[in-house]
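Undergrad: Chains as they are written, first to last, in my numbering: chain P, 1 to 128; chain F, 1001 to 1241.
Hints may contain errors.
Beta-carbon label-pair distances, calculated as ranges [said to hold, decoys possible]: (1) F:Y1079 x P:I4: 46 to 52 Å; (2) P:N11 x F:L1014: 26 to 32 Å; (3) F:R1054 x P:P123: 15 to 21 Å; (4) P:P123 x F:L1070: 47 to 53 Å.
Please keep in mind that the hints were generated in silico from the structure rather than gathered at the bench. Note that the coordinates shown come from a computational prediction; the quantities given were computed from them, not determined experimentally. Each residue gets a CB set at the ideal place from its N, CA and C atoms; glycine is no exception.
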Amino acid sequence: MEKIHLPATSNTPEVDFDFQARRLMLRGESYPESAAAFYGDILESTREFLAGLVEQDVIVEVQLTYFNSSSTKMLFGLFEMLNQAAQAGNRVHLHWYYDSEDETILEFGLELREDFPDIEFLPRELEV
Amino acid sequence: MQEHDLFESEMLALERARVALMEGESSPELWREALDTLSRDFERLVREMRRLIRHSDRTERELNLANARLTDLAAALEYSNQHDGLTGLLNRATFIDRARRHIDRQSVALILIDIDHFKRINDQHGHPVGDAVLIDVARRLRQAAGDEVETGRMGGEEFGLLVHGGDVRERARQIAESCRATLEARAPEVLPETPVTASFGVCQAGQGEGFELLYVRTDEALYRAKHEGRNRVLCCPNVCC
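Just chain P, same shape as in the assembly (with noise of 0.2 Å):
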């Protein structure tokens, strides 16, 4: 499958989905104009992916300092079908990146290991 590149703008985080290496990763800001425009095709290509998964190890990190509430919806999606991916025997790692003086990305973390407890939850802090 053909790898998902694309750099960081002011409102949409860079996205660096290498569907070989079985590393996917987001990081910077998201309020796009339109969340499920920006994140609709990269879900779409995400589920191709997963669907072809036999026990794998998959990296996920993700580094995201602002989403807005719609950019948040369709990354429930993103968990969603992650932890279908580790329910039928892969192994997903998602390594949770938070600035130290930011709780509201922690918490927000630690409401997805809550929430999808089948994908290994790494919090990772980030020195301000």
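Given the structure of chain P, go ahead and fit chain F onto it with the hints provided.
TA: Chain F only, in chain P's frame:
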């Protein structure tokens, strides 16, 4: 490229349920299956909605805090932009700006004040002591002049007072005299052995006179006060006093 919607999966689940409703009459099994799928989707939606609202509340709280910090910062910036950093009096630009606004609306008198022999204080005791004297003089001028008088630092050891509204002519003379006497009465704490005095020029703005001319005439009165021996109040001839 496919058109995506934020609630794509929920709309799909709804659609499936509708189809099952229409076609499931003959098969309770199909109904059960559709209801099961719909309840799972609904459960997920509620969970997501709960998280979303919590996240959005947290973000809103952070934004409110950031906004409050910005408001405080803007107020602090505005204050420092309008005031002299050393003495806390209005700075020259703000003093002149306010003077212009008062002149357009009401009677105005300007008092210009210059500390006597200030250079000597700086030369003999150093600039930190000179700064302490400026702070002390500014504080006492403000106290003696009262809150209704605009008080500014015009630069160096020169200060300005702006008396406005009503009979400014006599009031300005009295305020200047009161300020002069206050300074003369007590040496600054930092130099208890050295009395610090000041010279005063006082001038009322003439009809239609702008700030620039008023400033020049008041400065001339101040110059005469210096020339005639310092530690005194001199008023402009003609218009004032």
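Undergrad: Each hint should be assessed against the structure and marked as holding or not.
TA: These are the hints, each one checked on the structure:
1. F:Y1079 x P:I4: 46 to 52 Å: holds, 50 Å
2. P:N11 x F:L1014: 26 to 32 Å: holds, 30 Å
3. F:R1054 x P:P123: 15 to 21 Å: holds, 18 Å
4. P:P123 x F:L1070: 47 to 53 Å: Given range 47 to 53 Å: violated, Cβ gap about 30 Å.
Figure legend: structure checked against the earlier numbered hints; the only hint not met is number 4.
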